[in-house]
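Asker: The primary structure of each chain is shown beneath.
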Amino acid sequence: MTGLAAHDVALSLGGRAVLHPSSVRVAPGELVGLIGPNGAGKSTLLRVLGGMQAPDEGEIVLDGRSLATAGRTWRARTLSFLPQDEVPPPPMRVADLVALGRLPHRGHPDRARDSAAVTRALAETDLLALRDRPGSQLSGGERARMRLARALAVEAAYLLADEPVAALDPAHALAVMASFRRLAAGGTGLVVVLHDLMLAARFCDRLVLMRAGRVVAQGQPADVLTDAAMRAVYGVEVRRVEDAVIPWALAGPQD
Amino acid sequence: MTDCRDMMLIAALAGTVVLLFVLSLAWGESAIAFGPACADLLAGRHSAGAVILGQLRLPRAILAVTVGGALGLSGAALQGYLRNPLADPGVLGVSGGAALGAVLVFYTGLMGLSVAMLPLGGLAGALLAVLLLMGLVGQGGALVLLLAGAALSSFAAALTALALNLMPSPYASFEIMHWVMGSLTDRTFTHVWISLPGTILGCLLMLTTARALDALALGDEVAESLGFRLRGPVGVQARVVLGAALSVGSCVAVAGAIGFVGLVIPHLLRPLTGHQPSRLLLPSFLGGAVLLLVADAAVRVLSTGTEIQIGVLTALAGAPVFFFRVLQMRRATS
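Residue numbers (my numbering), protein chains in the order written: chain A, 1 to 255; chain B, 256 to 589.
So that you can see chain B by itself, here it is in the shape it has in the complex (with noise of 0.2 angstroms):
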């Protein structure tokens, strides 16, 4: 019965994601005849749809699947290896680490060389921020982990405050500032191509922890007495830490910091997956592809001169649901 019910909530939320792809697919700024670009670009045929549908709009939807679809996963996966439904990406400070990065490409000027530049740097920025992460937390266990990425995201978020601090142009300061807000605007598959090799083996090394994590559902201590090693360099906390950090650092890099979705998501889905962690990884990939791919399209809507930064939207959308959750646990408790 419970995988009757979780096939379904699976079929629901992927029917979702493909019909939303479709519509970012269909449905942009400027009006184009989706199913003629469509068969020219399966042609080959180089029509303005076909551009505008191939190399904006495909790179687009992608990276709203990908980038939601790894948020909303991490934040299931962190959740359930903390034991704490609010556990954020965040919190490893590998997000603040790609932000470093990628403000210092801003910073240095190596901007100019290459489109490419800003999202490599933010790659490496998160790799930085993993090796660090990694190194601090040794052998330690969750606590040691959630100390050493406070430190280490603090320690970043002040390093990109002197970096905007010290910048020589007002507008370099300003295009940092709406790069960190998070956006998928104009994204081609320079950045697919970029993020998605992390973010796949980040997710899939989150998916092989799944049975781990509901056996931590009763503590370490039951974890490893039903055989699941949880330090050491293959243990689960590893490869939720290097799982996380991957796919995070990687959409980061490419799309800025968008808030909330890997919060919310599973604190969501949580219930219809009775509230164990190894139901609810898979659920929380697609809850988070179908927010962000809905919040891209809301972006869409709303711009009208300057854009909404997708980051600001699912912000303004998810805290409302915190402030729901918290009146809703007050009558609970009252």
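The following block holds chain A by itself, in its conformation from the complex (with noise of 0.2 angstroms):
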């Protein structure tokens, strides 16, 4: 059976429970959005979901296998994990830094394959003019846009990731979750840990709702984005306007 799935995984970290037990799902060709506010347990999910931290109960299945016992290397394969900014960037160029998101296939080598790869993560980024600077010089959005490069030159079957556009301006987070949109046309399945609502409720075909380490509600965006759920979840009251300033599409000639 395809698809990524925690069935009620459940974590504790130094005796505080930080995960309830919780289920999520997501399928092939699925843009799953993870949303909540700070320290709901967002990344813990994801990094559950993602086979970085074993849970305590509850196990996650990856197109059938447990992930438990399935092997590094294959998981490295299937499945791409993009964690929040942990390091600053070595001087290393950026086009390397983004071709060791092809480690995992390192055990059946090709080069065409590898660095066509790293050609489209570079371009997906808008990095392309920036191959050959060292990762060290970029600015905070550029390294947001290279890691996230990394992850997608992976091309694995799931994508992972945690507040990918967080450090973006408007048009580069708009082209981001747009190219998220092609990964999924194309059969990717992804989960992206968001705190824009908006880009949220415009791009994910469904959103995973978080607070105090569960999953409080999961569906349609406009069936979790509810006035109550904002009040609840986020203690928030939201006006819904028609006029507002939205940046909602790329300006210019790639329209």
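Hints listed in this document are in silico derivations from the structure and should not be mistaken for laboratory results. For every residue, glycine included, the Cβ atom is placed at its ideal position computed from N, Cα and C. Some hints could be false.
[Unchecked claim] Distance ranges between label pairs, derived from CB positions: (1) B/Pro-526 / A/Ala-166: 44 to 54 angstroms; (2) B/Leu-557 / A/Ser-136: 36 to 46 angstroms; (3) B/Leu-341 / A/Pro-170: 34 to 44 angstroms; (4) B/Gly-395 / A/Arg-16: 14 to 24 angstroms; (5) B/Phe-577 / A/Gly-187: 48 to 58 angstroms.
Assembly of the complex is requested from the two constituent chains, each provided in isolation within its own frame, with the hints serving as guidance.
Answerer: If you want it as structure tokens, here you go:
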């Protein structure tokens, strides 16, 4: 059975329950947004889903295989994981950093395929012009795009990304979400942690709303982002406005 | 293109190693006819030239290559693993353990038993330090490793100082001071055989982590997501630490503490390898060998009367490189 699913996964760290039994699922070709306030457990659920952290209870099933027993290399080839920014990049070339995404394929070296994948990832993140620049000289947003390009270069069947657009300007955020949509159209299953609810509502097929380590709602964006849920989960009153200035589409010839 | 440049760098460094190795055999304190000595050595004739060549110069040159290489490679692997260009094989505390082991051999008078006792004591000290280090670190990460190494190396230094303090004869203290400074003088094939297994095994272990070190450039989680196991008995951390500790421990046991090679060589070669940790490993081995062969030659040239210890020389040559880098960085940031 294809798809990536967490079945009742729970996790405690240092004696504190950070994830109460939760179940989520992403099918091939589906873009799922993981939303919720800070500290809700989004990153934890994503890390468990990606096999970065073994759950105390429950299990993760990736294309019919339990992640607990699946081989690391197979997992790394099948599922690409983009963590939150951990360390400043070294002065390696941007193209070399992005090419790290090809490491899971090192068992079957195919240089032409590797270099095509790297070029595609650089193009998707608008980094082709910066491919020879040292990673240490990138701006915050460029660095976020480079890290995303590294995750894209794996060309895995599933992509899990933790806040991939948090550091991006509106144009690049739109472009990245559009490229996620293209990936989904091509059959990739994506789970993306987002704070921008506008982007989440507009681009995701389904949303998973979390609060205090629990999944409190999941479904179509319109069913999840209700006024009551906004009040209960985020503690904010929402106002729906017609004439707000919202970056909607990229301007210029690419439209 | 990258591969081609890497091959050229490796070929240039390897060529330099071979050239310096031959020079180091051909040239020394006593003038011998190199050609006939080589012929005698190969034919198994015990002429004076063959003895000098085979029993003094050859082990010394081999040790310069293996010790320098192991120090350079260990520095590159540790700097890659810790993502810190200032990491040095000394941070593990294993050199301190080896020094302590050797000092205890002096102190207890075991020295008198055999010429091999000193390096064997160093090796035992290094192995004990590795075991302690691995036990202390357990499943901890890089920070735990650095703290454990710092604790271990200060403790070993304190015990070494205590042994020096309590040493009955001032002559023995002097001998120890000299030994700790590092030297390749008067080393024989006994020393080579004592250090070689650990050095080779350690270097091979470190070389298995090349791709993982690249993956670590963007953080631990990225490396794990790319399929590399970082912790655990066969994880990247265990292989880097055990590899560096085994090879450095084996080297310190026979050659004393030779500083700065593991720090300076990867630092100098990094820009030539695109700052990529995997591409830095082999060049750092060769670069370390070049530096130690040169330093050993310099020791022989400069020595008139009291021989300058090779460890003193590498530190004297290495420190200015860092002064220069400081000035460069200051210019770049101002």
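Asker: A separate judgement is required for each hint: does it hold in the structure or not?
Answerer: Status of the hints after comparison with the structure:
{"no.": "1", "hint": "B/Pro-526 / A/Ala-166: 44 to 54 angstroms", "in the structure": "32 angstroms, violated"}
{"no.": "2", "hint": "B/Leu-557 / A/Ser-136: 36 to 46 angstroms", "in the structure": "40 angstroms, holds"}
{"no.": "3", "hint": "B/Leu-341 / A/Pro-170: 34 to 44 angstroms", "in the structure": "40 angstroms, holds"}
{"no.": "4", "hint": "B/Gly-395 / A/Arg-16: 14 to 24 angstroms", "in the structure": "21 angstroms, holds"}
{"no.": "5", "hint": "B/Phe-577 / A/Gly-187: 48 to 58 angstroms", "in the structure": "53 angstroms, holds"}
Checked against the numbered hints given earlier, the structure breaks only hint 1 and satisfies all the rest.
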